[in-house]
Structure formats: structure tokens, C-alpha cells
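Given chain A, put chain B in place with the hints provided.
What follows is the residue order along each chain.
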Amino acid sequence: MLRHYLTMTIAVLKRRPFYTAISLFGISFTLLVLMVVTAMADHALAPMAPESRQDRMLGVVSARMFGPDNAWSSNGGYMLFDKHARNLPGVEELTIFSSWQTVSTYLGDQRITSNIKRTDGAFWRVFDFTFLEGSPYSQADVDEARFVAVLTRATREKLFSGQPALGKTFEADGQTFRVVGVVENVPDIRIVPYADFYVPTTTSKSDAYKREIMGGFIAVALARTTDDLPKIREEFNARLTRITLPDKSYTTLVAPFETKYDTIARESPFADRQSPDRQGPKLTLLLVILALLFVTLPTVNLVNVNISRILERASEIGVRKAFGAPMRTLVAQFVVENVFLTLLGGALGLVLSAFVLRALNQSGFIAHSAFTINARVFAYAVLLAIGFGLISGVYPAWRMARLRPVEALKGGPSR
Amino acid sequence: MTRHLVRLIWNRKRQNLLLTIEILCSFLVLFVVILIGLNFSVNASKTLGFDTDRVWSVDVGRPPSPNARADEAAAKAAEARERETFQRLLVAARELPQIEIAAVAFTAPYINASWESGLELADGRKIDYLYNRVGDDFTRVFSMPIEAGRGFSREDDAAAADPVLINVELARKVFGNANPVGQVIPQKFDKAQKPADPPQRKKRVVGVIEDFRQHGKYSMPQPVLIDRLRLDVEDGGRAERIVIRLKPGTTASFEPVLVRRLQREAADWSFEVSTMEHLKERKHSDYIMPLTVLAILAGFLLLMVTLGLTGVVWQSVIQRLREFGLRRAAGASGRSVRGQVMAEMAVMTTFAVLAGVLLVGQLPFLPLPEDLVIPGGVFAAAIALSAAAIYCLTLACGWYPSRLAARMPPAEALRYE
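Note that the protein sequences, when read in sequence, are chains A and B. Residues in the first sequence are numbered from 1 upward in steps of one, following the working numbering. Residues in the second sequence are numbered from 1001 upward in steps of one, following the working numbering.
This is chain B alone, in the form it adopts within the complex:
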């Protein structure tokens, strides 16, 4: 039976090839939309690792500082003054009665500035991670759940190795099942280092955070490493913003009060307040907007394909009515004629889906950056879903024309013009 079907399809190969190409293109379009959508929804179900309720971020802008390589002494002096000003700002913020906790940071959740870095382990493995540098209390501002160990504190002031926080994923990658708290990350240090480069320092894990998915719930979870930012020493890291958690009941009217208070400490600096709620919306729409546009386009394309395929199958059924009539006259039931039309559709779809799977199956072999690599499970599920959807679509296209073929009385079909 199958052989017979394939031969029938082969007999009309030119037209069927074009139809198969059309189904293949539809499969690819559907696959892209389903893959992205599925990946977002899987990501959204994972833990975020922070809570932005009542949190504001104050973006601190300051005049450009002298270039360190041009005039080292001037650059150092300017940097010391900046740190001092920053300390005054932090103290001023903490003294305001509306503020519960305040901390300095390089970057914060939903903020576009991000820093990707990597480390090479002693066993030769390279791990890329999302980097941040934050002051003490940052984990408390964002109510970040700490799985093991503790957040940064003054205890770390005298530590010989740099204290770091890592997320569960990085802990698993570096230490496997062993307890990472108190351990030094086994880094491979570059022996042939140039004297101009900053000294390579050991990193000791003081705590493991659940996660810190800076780009929000739709982003891919990735390893995270956070350094401690200090304003009281040289090379303590560059602070870019102050994050604050407000006391419950504080309204937006506090914003000008806060900015004017900070402005008093540093007249030639600029302050830009954003609520985390607003930043979150903007970040989420960065993910959702392109997907929405893509989905609308794909929806229209598929509607177009559905109508087109229905028309084509209809026409070919009408053209083959005499063939069907003959089969009916020779004793085939209406149902088996109908089955033939649907089965031909299914065989073509199978060819298209096989070709499609072969094509998209190449994707995991492309050298993509790690944060673009989609987990195998999601990838397979997306293939299965889009294949199922394509079968539904093509069979729906064959449904009405095949009914037409089955309904036609044999005598009428044989003399149909």
C-alpha cells in the first residue's frame, strides 16, 4: 500500500516537489517561532534569584576622569576623590528615613550594562560566566536567597584571597557535588603574564546564591560570579550605581527628595533614578516584542499556506475525479478514497518534515556562543511540536477536498468534466 502511494506521488513528482518545498518552508517558520517561544517559557519557569519589590536603582554619572596611562598620578588622585564622594553618597542615602537598605554595584537586574567574563580552571576547562561586582548589602537589597555560606561583609576586609559569590550552576560546574563554601576556585594562572597586566588573584567562595539572572526571566540561566566591591581601598572596583530598597509605603514623590539630597553631596555629578518595575517591563519587552512580531508574521504566512494548499489539493482532486470514480466503480469505499488523498498528503508532509529535521539538526553543530545554545530537551520538544503542528495543518488542508472526492457518486465522477 505504502509503495503504491509513493509511486502515485512520484508520478506527479514535479508538482508534489513544489508542494513539499512549501510544507518544508512552513515547517522551518513554525520551528523558529516554537523554539523561541518554548525556550522563553521554560526559562520563565526557573528561579530568578532575586526580588525587585520596592527597589530603585540610582544611576550615577560623573565627569570623565583622566586617562590612567597618560597621567597615572592624576588618575589615581581623581579615583580616590571619586571613591570618597561615592562613600559620602552611600552614607547620605542610608541616613534618609525612607530607605531600608542601600548598596553600591557595578550593575543590577534588568540593567543593560552587563559584563561577561571567563575563567580557566587548573584542569584546563574554560567556563564563561556573567560577572558583577557589588558592595556589602547588595544581596539584602534584592532579598537574594543564599543557598550556602553568607553574603559579603566586613569579615572579608582582611581576607588574603578575593571573596566571591557564585551561583548554584557555577558551583556545580567547578566543584561538582563538593561543598564550595570556603574553597578557592582552582584557577590556572598564566605564568607568562605581562608585567603591565593586573596581578592575578585567588578567588575564595564565601557563599552560593540561588541565581542572579540579570536579564530577567526569559533569559538563559548561566553561571554567575560576583566580586566584592569596596569603596575604601584602591582597586576595589568601579561603582556605577546605588541600589536602594524603600520602606513600605514610600511613594514616587520621594524621588526628587532623594536626587536633591545626593546632588548636595556632588554638585557636578548626575543622578538618574529608575524603578526596578519600569526597568523590568522594558527588559521583558526586549524579549517579547521581537517574538510577537515574528509570531504575527508566521501566523499570516501559515494562514496563507493553509489557504494555498487547500486550493491546490482541491484542484488536484477535481482533476483526478475520474481516477477516483474508477476506484469507486471497482468497489473501493468512499472512505478508502478519502484515505488515499489524506495519506498522500501525509507522505509529502513526512518528506518535508524529514528534510526539515535534517536542516535544523545542523544547528547544534554550529559554533554558537554559549548563551545562545538551547538545551537539547527544548530543541527536541520544539521539533516534535512543530512537526505535529505541520501534520495537523496539512491534514486540515486535505480534509475538505478529500471529502469532496469521497462524496462524489462513481457514475458522476466518471463523466465529470
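The shape of chain A in the complex, shown without the other chains:
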């Protein structure tokens, strides 16, 4: 039966190349946009080096204090994590590191701007960086405040023209560091581990950060198993309620351990930033609404084109109805035809989106990005195409099936 439908579909599509072309154009463009967005989201959110163990990770990226008249939003402070986030149940490893800061290096007349992260030793055990040269610095290096640094490949390119950099020194923000390792680039949409080079926390120009509750630091906990994640979140939230805040004008501190998606959701519009609860579901709802808004126009367009095509085939439908084809068969036939068409358009969109993504990667629009169509994105693309095919096929199919045989044979409905 399905084979029969498909043969029919191809025959119909070939008969009116103009309609087929405009349908395919609309479908492939719509799916192209959705696929590019999906591939970008996948690149930002899916587990991959250096966050391969992301499914066991929870992080505190933002911290907020609220009072009756005041709100203060920033990162957490070093002391908040050092004093209160250690020894959480189920945590295999906790790392505390700075959010990135911009620093300048001068090579003769040339200025090189880099994003720098100051980290502890555990950072290198929680995140699995790929080392091209050397190795990470250890906790001992951090404790002794040694001026050592791990560069990314792109930074080695800029500072040492791509030559092996191990043991060489460079200056940044008036401090001199010795290179102990070089790692593969991290795209800057991987906001948590991204930086151009990494140095020990203790190389900060002043140690005032050690006494801060708010400002400049991120903590990431690697749980033993995924089952430990809720426990970690709850325990830290409970500990936060017991902290006496240094500033009396604030009464609550919201800094929950969250997955990456929930962290991003917390910054999105409509999120309840005062609540330590997960904000992910709200963002999902928002994204679904936006996607539906975006596909409204393409759907209406495709429905209109489809109805035109049906009316054109009115006499065929009339004959089939006159010979007793049930409504169900006709609806199924048309929906299958439409899904087949959207899958075809989807395939076209997929090929086009590969080109668009490559252009995006080369434009440097997002630093060090490597957007690709992987198996996961492909699966989403197929789902999107089928969904779009169903949405835009059902109404025209219903219209078609309702045609009365006599009218249909006459060449379409009078009204």
C-alpha cells in the first residue's frame, strides 16, 4: 500500500514541476532555519570534550542576592563555594574557577587580547581537555602560586606562531607565565569551560577574592552517579538558607547547582530568578512557542499550495470516490504524499544547512565553533520534517476527503 502511495506521489510531483518546486523551496527553507538553530543548540548543550561527563555535572554559574528593595546579580564568590560547597554528598570532585576576564598581551606593537580563567587543580580532573602538549598544572602548583599556564591551540598560534610552546614564557596583564600545557580549542558557546588560557587561581594580583561571597567565580561538581544530582542540588540549597549574608539589605541568596540547560534557562526571559527551582521547562515552552510562531507562515503557505493541488486533482478524487474509496484511504494517501514531500524538502534543507553551518564556522561569528550535522541533529531534522509534513498535510487532506463525488467530478467545489 505504502509503495503504491509513493509511486502515486512521484507521479503527481512530476506532473506539476512548478508546484513541486515552490513547495520544496518553502519546506527546505523552513527546515533549514530550524536545523541550523538545532545544530547550534546541540553544539552548545550536548556532551562533548571538555564536557564529556556533562551528564554527571552540576554547576553554579550565576548567584543572586535579593532583599526587599534590592537585587544583586553576578557570579558566586570564591568563599561561597570554598566554605559551603565542599563535602556535598555524592560529589566525586568539586572545582572552583573564575568566570573569564579579558587581559592584554603586547608583542612589540601588537596587542593580543585573551580571555583568561583562573582555576584550581581539580578543574583538570572534572573537565577532560585534550592535551596537544605537556600536561595540566597540579593542585601543588596552585597552592604554591606558581605562574604557570595552559594555552589553547588558538592562543599558541597567536603568541608563539604555532611553534611548540612548552616551557616558554609570555606576559599578560603585567604578569609573566610559563607554559606547561597546550589544549585543543574550546568554542566560546561552551560558556562554562571556555577561555584562551588557564592559570592557577592564586596568581590573582590580590587575594581579596578569597573573602568574597559574591563575584567572579563558578563552581562545578562532578557527581559519582547521575542519581546523586538531585541530592547535591537540594543539600546546597539547604546550606544556602543557613548562611548569614554579610550585607543586611539582602535576605536571600539564590545560587543553585544546575545543569547547563537550566543555567541558560535561568537567564532567559520569563524565568523566575528568585526561585532556586529548575527553570528549564519554562525555556522549553518558550522555545516551542517561538518555533511554532516561526512555522506559522510557512505552514499557511504550504496549506494553500496543497489545497490548490487538491483542487487540480479533483476529478481523480471524484473517480476514486465514485468507485467507493473510503475517506480514510484518501486522507492517508494525501498525508503520506505530503510527508514524503516534506522529507524530500528536509533532505534538501539538511544539505543546505551543512553549507550554512560551514559558512558560519568559517566566518568566526562564534569563536572556535565547529557546528556540524551529527546523528543527533539528523534525527531531530527527520522528526522536524515529519512534524511539519503532518501539520501542513492534515487540513488539505480533510478538505479533499470531504469533496462530494459529483462536485469533484465537475471539477471542484462550487464554494
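Where hints are given, some of them may not hold.
Far from chain B, some chain A residues (derived; all Cβ distances over 12 Å) [what the hints assert, rightly or not]:
| hint | residue |
| --- | --- |
| 1 | GLY134 |
| 2 | LEU286 |
| 3 | ARG328 |
| 4 | ASN374 |
Derived pair list, reagent style DSS-like, types lysine-lysine, alpha-carbon separation capped at 25 Å [what the hints assert, rightly or not]:
| hint | chain 1 | residue 1 | chain 2 | residue 2 |
| --- | --- | --- | --- | --- |
| 5 | A | LYS210 | B | LYS1076 |
| 6 | A | LYS248 | B | LYS1076 |
| 7 | B | LYS1076 | A | LYS205 |
Computed footprint of chain A on chain B, listed as stretches where at least three residues anywhere in the stretch have a Cβ under 8 Å from a Cβ of chain A [claimed, not checked]:
| hint | stretch |
| --- | --- |
| 8 | 1098–1107 |
| 9 | 1247–1260 |
| 10 | 1290–1303 |
| 11 | 1315–1324 |
Everything labelled a hint here was simulated from the structure, so no lab data went into it. On a predicted model such as this, the values are computed, not experimentally measured, just so you know. In this text, a Cβ means the ideal position worked out from N, Cα and C, and glycines have one as well.
Chain B in isolation, oriented as in the chain A frame:
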């Protein structure tokens, strides 16, 4: 004739409703892009109020200071030391031969840090404005045209009321047509103030600047109020950066020299130099990038609609060839048949545009923040432009199919299968 047309459209209401919805959606998409684009170009034609030629900004980073509410004495002492260091930095910068003028500031043009504030006037009106706090010479660094009065100077040291600079828009809002220079802003002071709050002080206007559109030429003009930043007194305001204007001919190689000189004065502070040119580009792309992405998407959507509508009209013309043939046989000219197809298109577009105007007409009634409110003229122009564009688009879609209808000889049309 019109009634007849409407009846013809009504007879095919289901399909025409879907077409009208499609045209309505296209109108909304076009409207959004045109509104944003038009608003940017209107804003870009207004005065900026400063000139960033040869200006650099040195972002000053310092270690966190003790919390004032936790340990007041320590916080005060640390603040005094910071101010002293800042003064030394400013003196060091001014002594460098490559620097023409230098000033301290809270924020500067094209920098992301901005401060919005508001004041309540004695007559109960509330005015929101963009706030900044700058040292003497700031207006000279940015060659800011001063409409009336003067910039900040040492004359203001002993003033009883806080000296402020305001822009023309704020001056007009507060003082109307009266000369604002030397006047105190008629603020309503809160009588039930808590003792912990900072004392409320009078603000006296010392000068009126043309404007200070911190976020660049695409941003909405808004009221601006600038306070005087002082490093020699307590509560003189927090400086975040030093802005400098270089002597002509100074190259980028001066940058490391400057940073090393400043670093000598404050070893545990950080300095981040950016050229205004670079900051400007980045700020402008914050506005232009989203618009470009939106415009590209809208362009493709409209191309899709154009093709789709053409296909649909074509199909319906072919389906109605017999009807047209009959009209031709009864003596109607090819032109009048063509006119009928185009007029049907125009009537549907009119319905769609009316619905669209009704929808977007709700926007001005939404409680939007003041800097998002788009002036009525721009709003009306955007509606008119997008309506015109939609008429052009739908009529273009009807052009070829209607020609087909008009060209077909009546005899052939009547027996067309």
C-alpha cells in the same frame, strides 16, 4: 461593482480566508523588519553629542574592596586609598606627552555598562534618564558641544548644590522653554526617608549638552543627566575608567607604554585599553546583526509567500477559466477580466492589512519601558510602508495569472479542461 467583488470572494470564502491569513502573516513579518529598520535610520540621522576621534578608554580593574555594611571603617579607608591611587593614575596619564586630555568617568560612549535612573519633579512628573558621572575635562575629551552654560570645572568645588549637566531633551522636559542654566531641578524630596539612605541633594544645572547617546547612533535618544565625579572628596562617585584623547599621529604602539606607566602606579590593579573605534564597531553590530538576521529570514519568507501565492492564484485562474470565458463571450474585455482578478487580490489584501493594522495598533497601548517606545511618526510610516509593500507583493503575484486569464480566447476558455 465592489459589492459584486466581495460576493465573489465570499463564495470562495474558505480558500480566501486562508489566503488572507497568509497575507496577514506576511504583513506582520514585513512590519517588524520595516519598523526596526526605519527606527534605526531615523535615530542615525539625529545628533550623537560627542566625537570619539583619537579617544581611548582605559578600563580600570581593582581588587574587591571590603563591604561597607560589614566593616565601615575598613571600607572607608580602602575607598580613600583607591581615590588616591586614581588621582596618581590621572596625573601620570596627563604627564605622558602623547596624551592631549584625560578624564575619569563612570562610563563612556559605546561601553556596555550603563546606568538608568529617574527623578520625581515637584509637580509629580517622573522622568527616567540615562545617568553618568564624569570628571572635569570629560566633555573636552569627547569634544561634546555645549549648547548653554559650561562643562564641569573647579568653580563647582564649593557649590552648595550638586552641579549637573543635562541634555537638550531633559532640559525641555523639566524647564520647557525657560533657560535652565543656573537653575535648580525642581525635585520632589521624599519626606519619609529612612536614615540609612544617602542624603537627597539639590541638583543645579551648570550646562546643557547637545546630547550624550551612549549606545551610539542607532539607539533611541533619551533624557541624559550627568553628575560631576570628584576624586578629592568622599562620596565623590566611583570612577571605573580613564578616557584619553591622543595627540594626532599617535599610533597603537603607545598602548603598551601607557599600560606599563599606569601599572607602575598601581601594581595590583589591571588596565584594559580599548579604542573607541573598536568599541563603536562592536556596539553598532549589536544593533545591526539581529536586524540583518531578521531581514534575511523575512526576505526568504516573503519570497516563499510570493511563489506560493502566485501558484495558488494561477491554479484558481485555471479553474475559473470557464467563468472568465463566459464573461468574455458576453462582451467583457480582456482588460476587465484581468481587472477582476487583480481587484479580488486587492480586496483580500485590504482585509489582511486592516486586520494587521488592528493587531499592531495595540502595540502603543502595551506597557513598554520608555526607551522601547517608538515615536508615533515612525510607527505610522512603518505601517504605511509595509502596507504599500504588501500591496505590491500581492499584485505582483496576481500579475502573470491574470494576464493568462485575459489572454485566453473566449472560445478556448469555454471548452478548457
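Report the numbers of all earlier hints that the structure fails to satisfy, in ascending order. Going through the list in order, the structure violates hint 8 alone and respects the others.
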